[in-house]
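2 protein chains.
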Amino acid sequence: MADFLTLIPPAQARELLLSRVQSAQSEKTELVEIADSIGRICAEDLSAPHPLPQFPRSTVDGYAVKAKDSFGASESTPAYINLIAEVPMGSRPHHSLGSGEASGIHTGGMIPDGCDAVVMLENAQLSRENEIEVYRSVAPGENIISVGEDVFQGQLVLRRGKLIRPSEIGGLAALGITELRVARKIKVGIISTGDEVVPIDADIQLGQVRDVNSHTLAGLVNSSGAVSVLYGIIPDNFDDILVTARRALTECDVVLITAGSSASSRDKTANVINRLGEPGVLVHGINTRPGKPTILGLCEGKAVIGLPGNPVSALVNGILFVVPLIEKLSGKLSSTPRPSIRATLTVNLSSQAGREDWQPVKLIPEEMGWMADPVFGKSNLIFSLSFSDGLICIRPEETGLSAGEIVDVFLF
Amino acid sequence: MADFLTLIPPAQARELLLSRVQSAQSEKTELVEIADSIGRICAEDLSAPHPLPQFPRSTVDGYAVKAKDSFGASESTPAYINLIAEVPMGSRPHHSLGSGEASGIHTGGMIPDGCDAVVMLENAQLSRENEIEVYRSVAPGENIISVGEDVFQGQLVLRRGKLIRPSEIGGLAALGITELRVARKIKVGIISTGDEVVPIDADIQLGQVRDVNSHTLAGLVNSSGAVSVLYGIIPDNFDDILVTARRALTECDVVLITAGSSASSRDKTANVINRLGEPGVLVHGINTRPGKPTILGLCEGKAVIGLPGNPVSALVNGILFVVPLIEKLSGKLSSTPRPSIRATLTVNLSSQAGREDWQPVKLIPEEMGWMADPVFGKSNLIFSLSFSDGLICIRPEETGLSAGEIVDVFLF
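In the order they appear, the protein sequences are chains F and E.
Note that numbering that gives the first Met the number 0 numbers the first sequence so that position 217 is 216, with each residue one more than the last.
Note that numbering that gives the first Met the number 0 numbers the second sequence so that position 368 is 367, with each residue one more than the last.
No lab work stands behind these hints, which were simulated from the structure alone.
A couple of the hints might just be wrong.
One-sided excerpt, in silico: chain E residues whose CB lies under 8 Å from chain F [stated by the list, open to error]:
(1) Ser73
(2) Pro77
(3) Asn81
(4) Ala173
(5) Gly224
(6) Leu384
(7) Ser401
Source: prediction; values computed, not measured.
All C-beta atoms in this analysis are idealised placements derived from N, C-alpha and C, irrespective of residue type, glycine included.
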């Protein structure tokens with residue numbers, strides 16, 4: 000039985016794996032309509048084909064004027080300007096304004112030639128037919144968005160690696176870009192192992208447990224923008240696992256193997272990863288709880304991760320290692336941190352120095368704000384996660400957290 | 000031209016609408032396989048059909064024993080126990096232990112009858128064939144998960160209104176529950192209006208702009224767990240808008256109408272909502288920026304929201320009003336707050352007292368942590384959102400924020 004001689008800090012373990020995989024897979028891209036691009040990773044640098052706006056627009060309802068015609072105007076000494084036209088919405092105004100001339104205009108309307116400012120409706124009124132009196136002077140450019148003020152022609156508007164949100168879709172729509180290249184979805188093969196594990200719809204016998212891990216990991220993978228491929232439950236036999244892992248490695252970008260629960264079964268996973276391809280196991284044993292037995296491997300350029308059979312460990316380590324891997328392989332620019340909720344810890348929590356602990360907590364609303372209440376339970380109680388709202392981290396340099404401390408709760 | 004005589008605080012406006020819509024729609028449910036339930040809202044209370052685990056399991060690799068046989072054992076005076084069997088993984092052990100007898104067992108194995116504790120492998124060794132010496136005593140129940148320790152039979156394991164995450168799927172899988180009832184997806188009809196607005200793939204003329212709002216709002220709706228239905232672009236004509244809005248109200252659970260940009264066009268939207276059904280407009284004018292002209296309406300029990308034509312306003316107000324509405328209609332329990340990222344504001348920001356401002360910011364990593372750098376721009380520059388990572392809120396009771404203040408950045 001192998002011991003964990005050298006437990007590696009989780010951040011270092013993750014970096015060891017992520018630095019060895021190339022987002023080569025992200026070279027494989029697909030063209031999608033912008034409506035289908037939400038949540039995908041942009042796979043090309045996109046520039047504005049034309050300036051935005053393409054014509055000078057009014058930002059208010061009012062009167063397009065030459066600014067100088069309004070200079071000195073006030074409530075007591077209004078400026079009188081001839082109202083010669085009205086800008087139609089949605090088309091180019093066919094009139095050009097001369098000195099002392101104004102045109103009615105709506106928000107978003109195109110500024111007529113000869114105008115350089117817009118007087119707001121509330122700062123003017125009709126003095127007689129075809130004449131307005133203006134009570135407030137406007138500066139040149141006032142209440143106008145000029146050509147290219149949003150983006151100029153050729154400006155980089157969407158960078159390769161950017162996550163597509165509704166705002167990115169809006170930007171592309173404004174520029175008439177109706178489709179774009181995104182990274183194709185990373186395929187993650189999932190193999191469950193263990194003689195005691197049976198399919199979730201099987202008749203269960205005493206001594207058997209249902210296959211939780213295939214389904215939690217598939218859920219995690221699918222909700223992280225990748226595609227899961229289930230390879231079923233393989234008995235705890237080296238050759239059988241190797242054959243299935245080989246097939247998964249050929250067909251997928253990443254392979255996850257959840258080991259049986261025993262130490263020997265975990266060693267089997269490590270041996271399978273070593274036989275799958277070079278260099279094999281990179282990290283075996285991570286200084287974290289849950290998840291100490293997690294194995295990070297690299298086989299012929301593809302990541303193969305051995306997760307503990309314990310469903311809580313498997314899911315928490317999936318969050319810690321598989322999700323960042325999917326993001327790296329998709330070419331995602333990792334520019335923003337993970338958001339969290341600040342809450343007050345309800346009880347003391349102890350932790351071993353040097354180890355990073357991830358503790359499930361429930362959020363409880365109190366008058367003073369949110370409380371983070373740890374959900375305890377042996378680490379293989381799947382409902383300790385289901386009954387929690389998120390996880391808090393006790394960092395390696397800490398030996399615990401005190402009741403009343405402010406903690407960051409990461410929803411999962 | 001109507002003025003905004005009574006601007007309502009956004010929280011109050013939201014509450015006015017949400018308190019008037021019933022999640023009656025959530026009565027309409029659908030049965031889905033657990034694999035397809037991620038991100039959906041559970042529509043039934045689910046109880047455990049059997050205890051979990053269903054049999055007592057070992058949490059370690061070692062030897063199942065009667066605890067009392069180990070009492071007093073130490074390195075210098077080990078206890079000697081007969082090793083009579085090995086528990087097979089995945090089936091019920093067919094032996095029962097008598098006094099002075101032990102059985103080999105793996106993590107997850109079923110505890111044989113007659114045993115009440117497990118000695119860890121590292122606290123014992125084979126002394127001779129069929130005998131172990133135990134160096135450490137174990138207490139009754141030690142290293143065992145007992146029947147029902149995760150959940151007991153009949154325990155409520157998933158509550159109506161709960162968002163389904165991978166951990167919920169794991170819990171259901173463990174219990175052999177392969178499908179469940181979820182709230183069917185809320186249908187949100189989207190109508191764009193304005194004479195100047197053209198489809199995103201149309202040849203564009205000076206004076207025209209492409210239909211940004213249909214696409215940003217559809218993206219927002221779809222990524223919030225609902226389904227968008229686009230009703231296209233309707234010219235700025237009362238009767239045409241009313242006809243289309245009537246159709247949308249019949250076919251959808253919620254109707255969004257983005258007004259043209261001018262004040263008269265926004266008034267038209269309010270009139271349409273008043274004609275659509277009782278009671279019509281609930282709120283016209285919200286004390287927020289962007290989004291002052293947002294209209295919240297209720298027509299024959301369905302929410303109809305008039306959003307400003309300005310794409311930034313439309314999207315930000317979609318986040319503030321449409322997303323919570325979708326959650327309410329889906330029956331989602333609103334138990335957790337929205338997570339955020341804490342960052343240091345780079346510059347002073349001023350705001351009008353009484354008004355709630357939502358300011359787009361970019362997150363910039365610095366040695367000390369994250370900086371929140373406001374992305375300025377006239378409010379109708381769509382790329383001010385696309386170039387931002389999130390929004391910060393200046394609350395009504397504040398007249399601004401100072402450079403150096405810690406702010407919560409909400410990603411969008």
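The hints, checked one at a time:
1. Ser73: Violated, about 23 Å.
2. Pro77: violated, 20 Å
3. Asn81: Violated, because the Cβ-Cβ distance from E:Asn81 to chain F comes to roughly 22 Å (cut-off 8 Å).
4. Ala173: Holds, about 5 Å.
5. Gly224: violated, 12 Å
6. Leu384: holds, 4 Å
7. Ser401: Check failed: Cβ of E:Ser401 comes no nearer than 20 Å to chain F, outside 8 Å.
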